[in-house]
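Throw the hints in and build the complete structure from the sequences for me.
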Amino acid sequence: MTGGLESVGEAVTGGLAARAVEPAAGEGSGEGRGACLNCGAALIGPHCHQCGQAVQVHRTVTAWWHDLAHGVLHLDGKVWRTLPMLAIWPGDLTRRYVAGERARFVSPLALFLFSVFLMFAVFSALGADLIGPDPAAVKQGLAEQMRTEEARVARLEREHAQAKAAGQPTGKIEAQLNGARQEASVLREMSKRGMVKGTALRLSDDLPPGLRRPIEKAAENPSLFFYKVQTNAYKFSWALIPISLPFLWMLFLHRRRYRQYKAYDHLVFVTYSIAFMSLGLIAFVLLRTIGLSGALLNLALILVPPVHIYRQLRGAYRLSRPSALWRTAVLLVSSSIALGLFMLLLMLLGILA
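My numbering puts the first residue of the sequence shown at 220, with every later residue one more than the last.
Per label pair, the in silico range of CB-to-CB distance: (1) 306 / 260: 38 to 44 Å; (2) 571 / 385: 55 to 61 Å; (3) 480 / 362: 54 to 60 Å; (4) 558 / 269: 41 to 47 Å; (5) 541 / 260: 52 to 58 Å; (6) 306 / 552: 21 to 27 Å; (7) 472 / 407: 57 to 63 Å; (8) 500 / 475: 34 to 40 Å; (9) 256 / 571: 48 to 54 Å; (10) 517 / 479: 35 to 41 Å; (11) 504 / 387: 53 to 59 Å.
Each computed EDC-like pair below joins lysine to aspartate or glutamate, with the alpha-carbon atoms no more than 16 Å apart: (12) 297 / 320; (13) 391 / 378; (14) 383 / 393; (15) 391 / 376.
Note that these hints are calculated values from the structure, not bench results.
Beta carbons are placed, not taken as given, at the ideal position from N, Cα and C, and that holds for glycine.
Set out below in structure tokens:
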């Protein structure tokens, strides 16, 4: 129950964070009459042209709930224009936003923030981990290891008793038996605590002490390490944007006619693209949860990202089909590299935190 409430809180926080990035632009209704209640300027249209406050000011509980839904989900028409375009015509959306149609669509950063918060909220609510082993799989694996080790202990105890009764040397069997008992005891304790089995690492003596000890601690308690990595993925998800930007920028360096595109244009492309992938991952998890065919979902997981990147490249930069195709192939490889660098950053933060 607590996890579900926390998930709702994360989704609401994401919506409000997105709303802070993108205030009420291009929204509102009503006619401007008289003076603005906030700054006193003469009203023209649904908003004050001086301070931006809406003409209509409500003082009802219903209006409060409407403001919450409006602030969290952008239920103002923009979201319903943005999401279909992001899914079907991502290139047109990117190009039009860069060209100046800002009030018509949800901004890429606002959509990115909300999609990332929602993704982590959904995973948390469903009890799934984005990074690291699945808790249910860990529990099952520990139980299987424990049964195997207990069976090994029982077998060694029988062999030890038989060897002792026959007057044969028992030193080797006793050493194996003690090791098996110790291993079984460790597995039982880990099963109680829900931990992932750790590994003793032998690190080079040349490794700086400031790095050596954190790595050893991460190996001793992988559960805590994966928890830190997942928490950092939630906090530092924005780092995917600057990590991915140089790869896209380099695709347009070789031709003079592409130099009209600035870093901001590439940022809009990358941010919208990551937001779509996050929303797609949410849809994938939800559809799998309700029992949709795994083969069909896996096929979609393979095909949708390259098709979406191709359509976004072709529409945003006005590329020909061959030009968009080879850039899509390069960008898919670059995305894998960027994701690897992001994971490396998360692991480093998880070790040092």
